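Trainee: Sequence:
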Amino acid sequence: MANTDSRPALLLSAIVAASCAADSGAAADAGNDASTTTMGGSASDAGTAAASSSGDDGSSSHADAEASGDGSSDAGPSSSASSDEGSSTGDGGSRGCGGDTPLGWASENGGTSGGAGGPTTMVDDAAELLALAAAEGPQIIVVTGEITLDETLFIASDKTIEGAPGGATIHGTLQIDGSARAPVANVIVRNLFIEGSQGPDEDTFTMQFARNVWVDHCDIADGADGNLDITHGSSFVTVSWTRFHYTDAAPAAEHRFCNLIGHSDDNADEDEEALDVTMHHDWWSDGVVERMPRVRFGRVHVLNNLFDSPDTNYAVRAGVGAEVLVEANYFDATPNPHEIFDAGAEIVAIDNTYAGTSGAQDQDGDAFEPPYDYVADAADDVPQRVEACAGPQ
Numbered sequence: 094m095a096n097t098d099s100r101p102a103l104l105l106s107a108i109v110a111a112s113c114a115a116d117s118g119a120a121a122d123a124g125n126d127a128s129t130t131t132m133g134g135s136a137s138d139a140g141t142a143a144a145s146s147s148g149d150d151g152s153s154s155h156a157d158a159e160a161s162g163d164g165s166s167d168a169g170p171s172s173s174a175s176s177d178e179g180s181s182t183g184d185g186g187s188r189g190c191g192g193d194t195p196l197g198w199a200s201e202n203g204g205t206s207g208g209a210g211g212p213t214t215m216v217d218d219a220a221e222l223l224a225l226a227a228a229e230g231p232q233i234i235v236v237t238g239e240i241t242l243d244e245t246l247f248i249a250s251d252k253t254i255e256g257a258p259g260g261a262t263i264h265g266t267l268q269i270d271g272s273a274r275a276p277v278a279n280v281i282v283r284n285l286f287i288e289g290s291q292g293p294d295e296d297t298f299t300m301q302f303a304r305n306v307w308v309d310h311c312d313i314a315d316g317a318d319g320n321l322d323i324t325h326g327s328s329f330v331t332v333s334w335t336r337f338h339y340t341d342a343a344p345a346a347e348h349r350f351c352n353l354i355g356h357s358d359d360n361a362d363e364d365e366e367a368l369d370v371t372m373h374h375d376w377w378s379d380g381v382v383e384r385m386p387r388v389r390f391g392r393v394h395v396l397n398n399l400f401d402s403p404d405t406n407y408a409v410r411a412g413v414g415a416e417v418l419v420e421a422n423y424f425d426a427t428p429n430p431h432e433i434f435d436a437g438a439e440i441v442a443i444d445n446t447y448a449g450t451s452g453a454q455d456q457d458g459d460a461f462e463p464p465y466d467y468v469a470d471a472a473d474d475v476p477q478r479v480e481a482c483a484g485p486q
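Mind the numbering: the sequence shown is residues 94 to 486 in the numbering used here, read in order.
The hints are simulated quantities; they were obtained by calculation from the structure and are not laboratory data.
Bear in mind the structure is a predicted one, so any value in this text is a computation, not a measurement.
All C-beta atoms, glycine included, are put in the ideal place defined by N, C-alpha and C.
Among these hints, one or two may not hold up.
[Claimed, not checked] Label pairs and their computed distance ranges (CB to CB): (1) GLU365 with ASP270: 20 to 26 Å; (2) ALA436 with ALA471: 45 to 51 Å; (3) THR262 with ALA224: 16 to 22 Å; (4) ASP358 with THR237: 40 to 46 Å; (5) ASN202 with PRO403: 36 to 42 Å.
Please work from the sequences and hints to get the whole structure.
Mentor: As structure tokens, then:
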């Protein structure tokens, strides 16, 4: 059943900011056993990356036994001193749980506004959700309750799909599926629990030929292949305040590989000038084994995230052509926090906290200087903020 009005603004903007600001002070301080926050990280020897043991090659559903390369220490760039939309995380200066506009790559290339300017429709039915998401023109779609899909939810340009306050649940597969000639652009997905399909080789959420996408305050789980993959020339993407995990019910226990950015070493023609992605204030938690993220070709900013899955083989991996800036994150008992898998890949790691970690902390090259304004949180503050704020509100 649908209830349509003409409100163009995002329904949740004030609610999310207010509820997160109230909650953020209540979370426990997780920095008690942390090692000293490092500037520039430390280089690993050639053997530590091999200790990740999984040998994930980063393809859509395969693995091999390659070892990663060495990384040498580099102090790297520092974060910008200016702020975005009045604060470092788009939270209006409250230091709460984010705001109405994306920080990072989704703020570039003209920005990301989703369905702003279109009607707002309340949806609790799978058929109507499928139809509205695929329709032409701007639309804000507010999901209520719990919806189970019997087919893939394809999201067209100029859409906002968000859960009602407190979050709503979608069971199934979401896909932004454009083409090289006609990419899907300007999409926001917020405040949703998204539980993956049980189908083989399916991701919970996939982007192909997508531009200017913001995924915010979601809980994404149990993808048979991956939880959120960004591939085939997609770019200008921000993923923020989102929790990734796997439950005991997840299929393919041997393939709980979470986030692939760039699907193949052989896809340079599509990917070399694309795959610009920011992942900030995200949380990789229970059951995640690898790919947090695993990157090819792109310029990827991994900022202020929490890594505490007890099942990790490695967290961040840089492959062919990748430039990755790993900044002010909190790695809690994480083996191989960041590793270089292919010669020529670049990682710069600055101001991270490594609490009880082991293995590779590879660095090499200069990576890139983000073109957008931001101020990083201190790494030791990340667990409290992320645990309080990540996921639907």
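Trainee: Decide, hint by hint, whether the structure agrees.
Mentor: Hints versus structure:
1. GLU365 with ASP270: 20 to 26 Å: Distance hint for GLU365, ASP270 holds at roughly 21 Å.
2. ALA436 with ALA471: 45 to 51 Å: violated, 33 Å
3. THR262 with ALA224: 16 to 22 Å: Once the Cβ atoms are compared, 19 Å apart, the range 16 to 22 Å for ALA224 and THR262 holds.
4. ASP358 with THR237: 40 to 46 Å: holds, 43 Å
5. ASN202 with PRO403: 36 to 42 Å: holds, 38 Å
In this structure, the one hint that does not hold is number 2.
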